[in-house]
Amino acid sequence: MAISFPSTDYFEALKGKMTAQQEKFRRLGFIDTTFGVKVGNNGKARNFVLEFEVFDLKNVREVDAIDLKKVDFMIEGDARVWREMIENIHRNGEADSSHDLNTLAHFGEQLKIVYDDPDGHDKLYRFMESIQKFFDLSSQVEVSFS
Amino acid sequence: MAYLSTTNYLEDKDFIDKWLYTMRTGEMDLSWMKAATEKVKPHEANSRRGLTYRDLDLGSYGFTGVPEKVRGNRSYAPRGAEIPAGVPDAQPWVSRKSEVWAFNTESYYEEAVSRQWNVTTDIPWERLDSVELPETIGKALSQLMTFLTEVEMIATDTPAMWLPRLNPDFIEVKAFIAAQAMDEARHTEAFRKRALTTGWGLMKASPVNEMALKHLRDADSFSEMSVALHLVAEGNVLTMFRFSEYLSPTDVDKRIFRLVMQDEARHVGYGMQHFKYVLENFPEKREVLHAHLDEAENISFAGSAATELTESFIILAGGGLKKENIEEGIKITTKFNLKQMEEHFERLDKCGMPERKQRSKLYQMYEMGRAAAEAAGIKL
Ligand SMILES: [Fe+2]
Ligand SMILES: [Fe+2]
Chain X
6 MAISFPSTDY FEALKGKMTA QQEKFRRLGF IDTTFGVKVG NNGKARNFVL
56 EFEVFDLKNV REVDAIDLKK VDFMIEGDAR VWREMIENIH RNGEADSSHD
106 LNTLAHFGEQ LKIVYDDPDG HDKLYRFMES IQKFFDLSSQ VEVSFS
Chain H
6 MAYLSTTNYL EDKDFIDKWL YTMRTGEMDL SWMKAATEKV KPHEANSRRG
56 LTYRDLDLGS YGFTGVPEKV RGNRSYAPRG AEIPAGVPDA QPWVSRKSEV
106 WAFNTESYYE EAVSRQWNVT TDIPWERLDS VELPETIGKA LSQLMTFLTE
156 VEMIATDTPA MWLPRLNPDF IEVKAFIAAQ AMDEARHTEA FRKRALTTGW
206 GLMKASPVNE MALKHLRDAD SFSEMSVALH LVAEGNVLTM FRFSEYLSPT
256 DVDKRIFRLV MQDEARHVGY GMQHFKYVLE NFPEKREVLH AHLDEAENIS
306 FAGSAATELT ESFIILAGGG LKKENIEEGI KITTKFNLKQ MEEHFERLDK
356 CGMPERKQRS KLYQMYEMGR AAAEAAGIKL
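Protein sequence lines, in the order shown, are assigned to chains X and H. Sequence positions in the first sequence follow my numbering and run 6 to 151. Sequence positions in the second sequence follow my numbering and run 6 to 385.
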């Protein structure tokens, strides 16, 4: 059955895939960061906080709003952009070179990286390959869009 | 040979007699078994992670207890060991903790070790077999890689030079610096391999770049080196790697830049935490840090504006050498240049130096650049 995006179920499904592919993520190394994902839709937003520790997604929860002081950074974007990214990953098995996170977010044109502390912001880049590979797991999940 | 042992053991009768006596009689000294050291039993705080340096932060072995001025150890005795008379003075240049320390140094090292990667096997080089880039793009990419190889060669030498100069009690910092030298050697390898796989060979070395890089190598103090290298230069390079990933003409290049940016961001992380640590624990150094920044910003401005780099970016961003390509390339590259400067001041601000903008010539350049970009109709 397809899992709807955005939802905690979607992130939980990626978490399950991540655990199933332990070796790959162990090889990429420690990932210690907590970040927010904000999905905008017609002026409203759904917000999620993802807490990674050691090699795993330890916890994901939906919140009313993301407090930038409590996360390292937040990836924010319109539902349309997230959908395009996930569909692209699904088609290619991984994000192609126009749909990886850094490309989508670089000038804040599609996705936007918002942060309070530049040290927290830099954690996106410290763990970039693990975070990219985490989203790339979307290729293994049937996703529907509400 | 600069150092000669004070004893010629091969000709020292007492030493040779003792060696033979032990062999003959089996009589042992065993005084080392009574070393006046602390007994501890470290445990993994998180068994998924394993036994970390932080788990060893216990009593006389820990990093928390290292004093600001390390006077008790000038040898290679490991921190916490009994130090008998007669160990030589290793003559470390740096024995003040605030000269080198950073919040969470040990975890930057652990992260570095766990996130090592391999240029030879982790990059899907075979995918380049089917890639045929237009000549201008191929040459621009090779020039970018040539430039970055120069950067990474100095970035390998510079931290490595400081290793023997740091007091051995700063084990975790030395480990981080050693890991950084390895990271930079890997970056040199990645960029050299990518330059040659363009098929155009290497392009041209950059005098401005090298002039700027020499400053990093010849810093007078570790703190000066760290401000110039970790905070300013690598901060700029991190923004540059993200931009290069964005511009990458193939997914192989994207992967290279994603992997190098991880290492670079870690080096910047150490730099920021060290800078913060100095400002908080050695406040009288604020003026000295400003003076270091004056010079570091001068060289980083020069390096970032080097012709060999800027023109490659313009071509990669615009997609070629036609008039419309160049116009588009200049727009995108200018946005990147300004973003690079913005992020530099953002970092200093958050580290506790918000006044930097007021006295920085680089900030004046930033404002001038912004005004020029707006006048040229570049949307920022
Ligand atoms: Fe590097
Ligand atoms: Fe670096």
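Source of the hints: derived by calculation from the structure; they are not laboratory data. For each residue, glycine too, the CB sits at the ideal point set by N, CA and C. Careful: at least some of the hints might be erroneous.
[To be verified] Stretch-level coverage of chain X by chain H, calculated; a stretch enters the list once three of its residues show a Cβ under 8 Å from a Cβ in chain H: (1) 101-111; (2) 131-137.
[Claimed, not checked] To give an idea of the interface, some chain X residues facing chain H are shown, with a C-beta separation under 8 Å as derived from the structure: (3) A7; (4) G34; (5) E56; (6) V59; (7) F60; (8) L62; (9) E114; (10) E147; (11) F150.
[Said to hold, decoys possible] What follows is a list of derived Cβ distance ranges for each label pair: (12) H/E300 with X/R32: 37 to 45 Å; (13) H/L207 with X/G48: 25 to 33 Å; (14) H/S135 with X/R66: 40 to 48 Å.
Hint check:
Check on the stretch 101-111 of chain X: 6 of its residues sit with their Cβ under 8 Å from a Cβ of chain H, so the three-residue criterion for coverage holds. As drawn, the stretch 131-137 of chain X meets chain H at 5 residues by the rule of a beta-carbon pair under 8 Å; at three or more, the given contact holds. Residue-level restraint check for X/A7 is violated (minimum Cβ-Cβ distance to chain H is 28 Å; threshold 8 Å). Satisfaction of the interface hint for X/G34 is found here, the shortest Cβ-Cβ separation to chain H being roughly 3 Å, below the 8 Å cut-off.
A cut of 8 Å between beta carbons decides the hint on X/E56: the least distance to chain H is about 14 Å, and the hint is violated. For X/V59, the suggested interface contact is upheld, since its CB lies about 4 Å from the closest CB of chain H, less than 8 Å. The interface hint given for X/F60 holds, since its Cβ lies 7 Å from the closest Cβ of chain H, which is under the 8 Å cut-off. At its closest, the beta carbon of X/L62 sits 13 Å from a beta carbon of chain H; the interface hint therefore is violated under the 8 Å criterion.
The closest approach between the C-beta of X/E114 and any C-beta of chain H is roughly 10 Å, which is over the 8 Å cut-off, so the hint fails. Given the 8 Å rule on beta carbons, the hint for X/E147 is violated: about 25 Å separates it from the nearest Cβ of chain H. With a least beta-carbon distance of about 26 Å to chain H, the hint placing X/F150 at the interface is violated under the 8 Å criterion. In this structure, H/E300 and X/R32 meet the distance hint of 37 to 45 Å, their C-beta atoms being roughly 41 Å apart.
H/L207 and X/G48 have their C-beta atoms about 52 Å apart, which leaves the hinted 25 to 33 Å range violated. Between H/S135 and X/R66 the Cβ separation comes to about 44 Å, which falls inside the hinted range of 40 to 48 Å.
In terms of the numbered hints stated before, the structure departs from hints 3, 5, 8, 9, 10, 11 and 13, listed from lowest to highest.
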